[in-house]
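Sequence lines, in order, name chains A and B.
For the first sequence, counting from 1, position 29 maps to 29 in the numbering used here; every step adds exactly one.
For the second sequence, counting from 1, position 46 maps to 46 in the numbering used here; every step adds exactly one.
One or more hints might be untrue.
One copy or any two copies: either way a pair holds, since identical chains are not told apart in the list.
[To be verified] No more than 30 Å apart at the CA atoms, straight line, and that leaves these computed lysine-lysine pairs for DSS-like:
1) Lys39 <-> Lys205
2) Lys51 <-> Lys205
3) Lys183 <-> Lys160
4) Lys51 <-> Lys152
Hints are computed from structural coordinates only; laboratory data are not their basis.
There are 2 protein chains.
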Amino acid sequence: MKLFDVTVAPNPRRVRIFIAEKGIEVEYQQVDMRGGEHKTPDFLRMNPSGKIPVLETDNGEHIGESVAICRYLEALHPEPNLFGATPVELGQIEMYNRILELELWTQIGTSWVNGPVVAQIAAGRFKQNPQAKETSDKNTHLFYERLNRELKDRSYMAGKRFTLADITAMTAVDFASELVGLKPEENLEHLWDWHERVSARPSAKA
Amino acid sequence: MKLFDVTVAPNPRRVRIFIAEKGIEVEYQQVDMRGGEHKTPDFLRMNPSGKIPVLETDNGEHIGESVAICRYLEALHPEPNLFGATPVELGQIEMYNRILELELWTQIGTSWVNGPVVAQIAAGRFKQNPQAKETSDKNTHLFYERLNRELKDRSYMAGKRFTLADITAMTAVDFASELVGLKPEENLEHLWDWHERVSARPSAKA
Numbered sequence: 001m002k003l004f005d006v007t008v009a010p011n012p013r014r015v016r017i018f019i020a021e022k023g024i025e026v027e028y029q030q031v032d033m034r035g036g037e038h039k040t041p042d043f044l045r046m047n048p049s050g051k052i053p054v055l056e057t058d059n060g061e062h063i064g065e066s067v068a069i070c071r072y073l074e075a076l077h078p079e080p081n082l083f084g085a086t087p088v089e090l091g092q093i094e095m096y097n098r099i100l101e102l103e104l105w106t107q108i109g110t111s112w113v114n115g116p117v118v119a120q121i122a123a124g125r126f127k128q129n130p131q132a133k134e135t136s137d138k139n140t141h142l143f144y145e146r147l148n149r150e151l152k153d154r155s156y157m158a159g160k161r162f163t164l165a166d167i168t169a170m171t172a173v174d175f176a177s178e179l180v181g182l183k184p185e186e187n188l189e190h191l192w193d194w195h196e197r198v199s200a201r202p203s204a205k206a
Numbered sequence: 001m002k003l004f005d006v007t008v009a010p011n012p013r014r015v016r017i018f019i020a021e022k023g024i025e026v027e028y029q030q031v032d033m034r035g036g037e038h039k040t041p042d043f044l045r046m047n048p049s050g051k052i053p054v055l056e057t058d059n060g061e062h063i064g065e066s067v068a069i070c071r072y073l074e075a076l077h078p079e080p081n082l083f084g085a086t087p088v089e090l091g092q093i094e095m096y097n098r099i100l101e102l103e104l105w106t107q108i109g110t111s112w113v114n115g116p117v118v119a120q121i122a123a124g125r126f127k128q129n130p131q132a133k134e135t136s137d138k139n140t141h142l143f144y145e146r147l148n149r150e151l152k153d154r155s156y157m158a159g160k161r162f163t164l165a166d167i168t169a170m171t172a173v174d175f176a177s178e179l180v181g182l183k184p185e186e187n188l189e190h191l192w193d194w195h196e197r198v199s200a201r202p203s204a205k206a
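Looking at chain A on its own, in the form it has when it is part of the complex (with noise of 0.2 Å):
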C-alpha cells in the first residue's frame, strides 16, 4: 500500500496517526502540492476532487478522503479498533467525528483560508473575507468552550476509549494552536487534560 502523503498538511496526519494506531506498514509518497501536482491529469485519474491524500491500495484501487480510507484500513485490519465496535458504538463514534468536523473543522478551516499564511502562499490569487474570519474565529473558540464542558464527563472525544474521534480533533487542535492562531484558552482544563492525555501517545507523532 502507498499514501500519498503532504507531511505538513492535518488530513493526512489523521490518516498517519490511524496508521501507527494499526501498527501498518504503508509507503509514502510526497506530493509537491506547491507545485500543483495534485492537479495534473495522473492525480485526478486517481481521485478527481485532487485532493491529498489518496491511497493506493496493493490491487492498484485509489481511495480518497481521509476517514474513508481510514475505514478500509479498519476493515483490513481491525485491531486495535477505532470506529467502533457495536452498532451504538459505531454510530456514536461517527456521530462525534461528523460533530467535529462539521462543527470545529469548518470553522477553523473559515479561518485558515481567510488568514495571513494563505494571504502570503496565495499572494492576491484569492480574495480574502475577513468578517468571515472574525466570525469563524469566535465559533471555534466557543466550540473549544462546548468541547471542554463535555469533557468534564468523559475521557475522550466518543467515549471512554481512544478512537477516530480524537485523532480528528488532535489534528484540528493542533494544526489551529500552531498555524492559524486559535489555541484553546489555557483555563479551558479539561480539554487540556484530554489533549494531553492524546498528545503522549506515540501515534501522535506521525
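Use these hints to put chain B onto chain A, whose structure you have.
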C-alpha cells in the same frame, strides 16, 4: 426505535430513505423546528448540537447526524447492504459519499442560507451574503457537470449498485431543484438517467 424527524428537511429524508430500503419499523416523531423545539434543553440533552434528525434506540441511547444513524442501522440490519461489503467497497462508498457532502451539499447549503426562502423565514435575523450565493450557485452547476461526466461510466454514484452515496446525491439534487432554484441543466443526460433510476425506487417517496 424512534426518529425525531422534520418531514420537509433534506437530512431526515436521507434517513427515511435508508430505513425504507432496509424495511425497518421505526416510529416517527415530528419536531417543531419553526418553534425552536430543537434548541430546547430537552432536545439538547439528546443532541448537544441541536440538529435533526436524532434516533432514539430501544435502549434509550441517542444518535445524531444522519449518516451516523444510518451506520447504526446498517450494523443492526446488514441487508440490503448500503455502505459496502468488502474493505475496498467500504472505503470507496465512504469516499463518494463524502465527496458529495463536501463538494455538492456544502455549495447547495450556501446557496440555501443566502437565498430567498431563508430571507423570508429569517426576516432580518440573519445577514445574507449574495456574493457567496453567486459562487455556490456556479459551483453547484460545475459539480453537476462533473457528475454527468462520471456517470457516463457507472450506473450509480459509487459504482454498479445503489448505496448510501445515491441517497446523499438524490436528496441533494431534489432539495436543490425544488427549494434552491438549482435544478441540473436538461442536457446532463447521464445525471438525469441516474436520477430517473433512483427516483423510481419505492424508497424515494420516503
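Results of checking the hints against the structure:
1. Lys39 <-> Lys205: within (29 Å within a copy, 39 Å between copies)
2. Lys51 <-> Lys205: within (23 Å within a copy, 35 Å between copies)
3. Lys183 <-> Lys160: within (25 Å within a copy, 45 Å between copies)
4. Lys51 <-> Lys152: Only across copies: lysine 51 and lysine 152 sit 22 Å apart there, 36 Å inside one copy, limit 30 Å.
Checked against the numbered hints given earlier, this structure breaks none of them.
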